[in-house]
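Student: Taking mature numbering (1 follows the signal peptide of the UniProt record, and there is no 0), I'd label the letters of the sequence shown as residues -28 to -1, 1 to 108.
I should point out that these hints are in silico values taken from the structure, not numbers from a laboratory.
By construction, the Cβ of each residue, glycine as well, lies at the ideal position given by its N, Cα and C atoms.
Some hints could be false.
[To be verified] The following label-pair restraints were derived from C-beta to C-beta distances:
no., residue 1, residue 2, range
1, R92, L23, 31 to 37 Å
2, Y83, L34, 32 to 38 Å
3, D31, N52, 24 to 30 Å
4, R101, T39, 44 to 50 Å
5, H67, Q15, 41 to 47 Å
6, N26, T49, 35 to 41 Å
7, R101, D66, 32 to 38 Å
8, T25, G80, 32 to 38 Å
9, G19, D66, 15 to 21 Å
10, D41, D66, 23 to 29 Å
[Said to hold, decoys possible] List time: in silico DSSO-like cross-link candidates among lysine-lysine, alpha-carbon distance up to 30 Å:
no., residue 1, residue 2
11, K85, K33
12, K106, K85
13, K85, K45
14, K45, K29
15, K89, K45
16, K106, K33
17, K89, K29
18, K85, K29
19, K33, K89
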Amino acid sequence: MYRLFASTAVGLFVAIAVNVLVPQPVAAVSCGQNQSHNAFFGQRQLGDRLLFTNHPKVDYKLWRVVTYDVDYKIPPTTPNYVISYVEALDQFTDHNGGCAMLQSGGVGSDYVKLHLKSQRNHGLDFVVRVYAAKRY
């Protein structure tokens, strides 16, 4: 009985330590607070220009988590623009949506990389929009 208790205590300690010490993504959204797991980076301002829209949909895979990466770089045809606001709108509004994590770039940059991740046994359905402001 003592062995069972000791191994359970050690296992619990290791699980907590891993959860605390493992580095997290640059910016992650808590995926359990709202019915919809929308993510917003930056602040939209008057005069911002919509440069990119994407509607990634990924079907579920049994017993699996599905992912999708969204990459966008401001094209050379629109120089002097910088990303001011990024939104990832989760289209599942029933607690079954995924998470949007900012991997690199973003506000103040000329590119953004988002990592979308579903819950286990669920798919993804997001609308991603990138806005930019003129750099002065």
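Student: Each hint needs a verdict: does it hold in this structure or not?
Tutor: Each hint tested on the structure:
The supplied range of 31 to 37 Å is met by R92 and L23, whose beta-carbon atoms lie about 33 Å from each other. At about 34 Å, the beta-carbon gap between Y83 and L34 stays in the expected band of 32 to 38 Å. A beta carbon spacing of about 40 Å between D31 and N52 contradicts the range 24 to 30 Å that was offered as a hint. Distance hint for R101 and T39: a CB-CB separation of about 20 Å, inconsistent with the stated range 44 to 50 Å.
For H67 and Q15, the Cβ-Cβ distance of about 27 Å falls outside the hinted range of 41 to 47 Å, so the restraint is violated. Evaluation of the 35 to 41 Å hint for N26 and T49 yields a failure: the beta carbon distance comes to about 18 Å. For the pair R101 and D66, the supplied restraint of 32 to 38 Å is violated, since their beta-carbon distance comes to about 22 Å. Checked against the hint of 32 to 38 Å, the C-beta distance between T25 and G80 comes to roughly 21 Å, which is inconsistent with it.
Remark: the range hint 15 to 21 Å for G19 to D66 is contradicted by a beta-carbon distance near 36 Å. Distance hint check: the CB atoms of D41 and D66 are about 24 Å apart, consistent with the given range 23 to 29 Å. A distance of roughly 24 Å separates the Cα atoms of K85 and K33; the hinted pair therefore holds under the 30 Å criterion. About 20 Å separates the Cα atoms of K106 and K85, which keeps this hinted pair within 30 Å; it holds.
A distance of roughly 9 Å separates the Cα atoms of K85 and K45; the hinted pair therefore holds under the 30 Å criterion. A distance of roughly 21 Å separates the Cα atoms of K45 and K29; the hinted pair therefore holds under the 30 Å criterion. Distance restraint check for K89 and K45: the Cα-Cα separation of roughly 21 Å lies within the 30 Å cut-off, and the hinted pair is therefore satisfied. Taken as a hint, the K106 and K33 pair is broken in the structure, with Cα atoms around 42 Å apart against an allowance of 30 Å.
For the proposed pair K89 and K29, the alpha carbon gap of about 11 Å is at most 30 Å, so the pair holds. For the given pair, K85 sits about 17 Å from K29 by alpha-carbon distance, which is consistent with the 30 Å threshold. For the proposed pair K33 and K89, the alpha carbon gap of about 12 Å is at most 30 Å, so the pair holds.
Comparing the model with each numbered hint stated earlier shows that hints 3, 4, 5, 6, 7, 8, 9, 16 do not hold.
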